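There are 2 protein chains.
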Amino acid sequence: MTAMTQPEPSVEPVRGRSTSTLGRKRDHTRDPQILEAAVDVLAETGFDGMTIDMVAARAKAGKATIYRRWPSKADLVLDAVACMKAGELDPEHLPDTGTLRGDLVAMIRPRSIEEGERKLRIMGGLFGMIANSPELADAVHAAIIEPRVAVNRLFLRRAIERGEISPDCDVETLAVLASAMAAFRVLVQKQPVDAEYLISLIDGVLLPAAGVAADRRTA
Amino acid sequence: MTAMTQPEPSVEPVRGRSTSTLGRKRDHTRDPQILEAAVDVLAETGFDGMTIDMVAARAKAGKATIYRRWPSKADLVLDAVACMKAGELDPEHLPDTGTLRGDLVAMIRPRSIEEGERKLRIMGGLFGMIANSPELADAVHAAIIEPRVAVNRLFLRRAIERGEISPDCDVETLAVLASAMAAFRVLVQKQPVDAEYLISLIDGVLLPAAGVAADRRTA
DNA sequence: CATATCCGAAACTGGTCAGTCTCGTATAGA
DNA sequence: TCTATACGAGACTGACCAGTTTCGGATATG
Chain C
1 MTAMTQPEPS
11 VEPVRGRSTS
21 TLGRKRDHTR
31 DPQILEAAVD
41 VLAETGFDGM
51 TIDMVAARAK
61 AGKATIYRRW
71 PSKADLVLDA
81 VACMKAGELD
91 PEHLPDTGTL
101 RGDLVAMIRP
111 RSIEEGERKL
121 RIMGGLFGMI
131 ANSPELADAV
141 HAAIIEPRVA
151 VNRLFLRRAI
161 ERGEISPDCD
171 VETLAVLASA
181 MAAFRVLVQK
191 QPVDAEYLIS
201 LIDGVLLPAA
211 GVAADRRTA
Chain Z
1 MTAMTQPEPS
11 VEPVRGRSTS
21 TLGRKRDHTR
31 DPQILEAAVD
41 VLAETGFDGM
51 TIDMVAARAK
61 AGKATIYRRW
71 PSKADLVLDA
81 VACMKAGELD
91 PEHLPDTGTL
101 RGDLVAMIRP
111 RSIEEGERKL
121 RIMGGLFGMI
131 ANSPELADAV
141 HAAIIEPRVA
151 VNRLFLRRAI
161 ERGEISPDCD
171 VETLAVLASA
181 MAAFRVLVQK
191 QPVDAEYLIS
201 LIDGVLLPAA
211 GVAADRRTA
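Residue numbers (the numbering used here), protein chains in the order written: chain C, 1 to 219; chain Z, 1 to 219.
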């Protein structure tokens, strides 16, 4: 019952099921739809609430199709989060208005606000998992946190070079400030992060902390 | 099959199983141990990872004992979070050093830092649930967020009355700033919230934003 | 010391879900 | 057209877990 019925797997390279050039090809155009469905479900239910059936149903795909491409739920989520990074930072048509405040305010767009709240909610639904999985933590950081923080960091550095703000200010802390406050506001205080709030953060916290004198703030 | 087999529940007050003065009494001295065990498990595994068996094992109690006292896992967690509030704010031996910076720095104690990180981690493990349960959200807010924020609010108001900081500054935002930044640092950046970080937050962000001139900051 | 109730331990129930497998159909290449 | 493979649908398996029940033993009251 062990090695009699098989017609000898022998030594030759896999025989019938090698990396064959035959048969129907995997339709990779469905991958983005599946990942998008996964992100949607993630945003609505969090990691533990999300089931593979929900993702399959939303993507109008079969459960088996998903498991043919990702070995486990964790891998699917990891990939889905990583793929959120795409279409994020337009390489170099960032604002450059000449003032730190101008640059920061120019980044406030209805679209980016809406997308930002969604991303923060996704992050919230992943906290349980983030604690155990360094890989997921890195993916979340790279896809959700770092893009925004990098922009702020750039603006701050330019302002320092320009002599607009103090070179002694803590760029890392200030670059992260808006994201941290927004996350807290959405996830803990359950209040909206709108343009008014972001501007009050810029004028009331960020610029003063960066050493911009009050009378030059709205210049 | 509806109202024939029951020997009439009648009007009299429950008969045999009233609030009898007979028999063994429920040992309420175990309640705090169970709630403590629940909080411990919560901090380690989050809401979804926590099982009642884990809590029972850690409290050396029977599962049935837990269900005799709380009707569901959600109720147990709710109560456990609510009971974290106890032993929090000593009514009026808060520091009053005469300066905002002095008051804020005086609140930095190894004990409160350690406890704060733990509470933030518990909050992280509850985010999934907080989104669906307003009750739990309120409990988390009351037990974890509000105590610290209230202290900061008091310090800020006193500083305004004293004329030390601008009466125009946004007290609510500033009162919440340290908690938001600390939560982000622990849960997202996975870096420690130590005294050095808190002081850099006070001197580099909070005091400038409150309108304390740089040369008066370490006075 | 009898009784009503509590206790911890552990067996049990029912539902849910990750992951696998099977089926009938679609499709790309030889 | 033939073949190997992918597809969606959905049945199936096995683990896990909330919540219930059962048990023998402890304990306070009368």
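Hints in this document: simulated from the structure, not taken from any laboratory. Take the hints with a grain of salt, since some may be wrong.
Which copy? The list can't say, so a pair holds if one copy fits it or any two copies do.
The calculated lysine to any residue pairs, modelled on SDA-like cross-linking and capped at a C-alpha distance of 25 Å, are [said to hold, decoys possible]:
#	residue 1	residue 2
1	Lys190	Glu135
2	Lys73	Lys190
3	Lys63	Leu136
4	Lys60	Ile145
5	Lys73	Ala131
6	Lys190	Thr97
7	Lys63	Gly102
8	Lys60	Ala142
All values derive from a computational prediction rather than experimental measurement.
Outcome of the hint check:
no.: 1; hint: Lys190 - Glu135; verdict: between (28 Å within a copy, 13 Å between copies)
no.: 2; hint: Lys73 - Lys190; verdict: between (29 Å within a copy, 24 Å between copies)
no.: 3; hint: Lys63 - Leu136; verdict: within (23 Å within a copy, 34 Å between copies)
no.: 4; hint: Lys60 - Ile145; verdict: neither (31 Å within a copy, 42 Å between copies)
no.: 5; hint: Lys73 - Ala131; verdict: both (17 Å within a copy, 22 Å between copies)
no.: 6; hint: Lys190 - Thr97; verdict: neither (33 Å within a copy, 34 Å between copies)
no.: 7; hint: Lys63 - Gly102; verdict: neither (49 Å within a copy, 60 Å between copies)
no.: 8; hint: Lys60 - Ala142; verdict: neither (29 Å within a copy, 43 Å between copies)
Violation of the numbered hints given earlier is confined to hints 4, 6, 7, 8; the remaining hints are satisfied by the structure.
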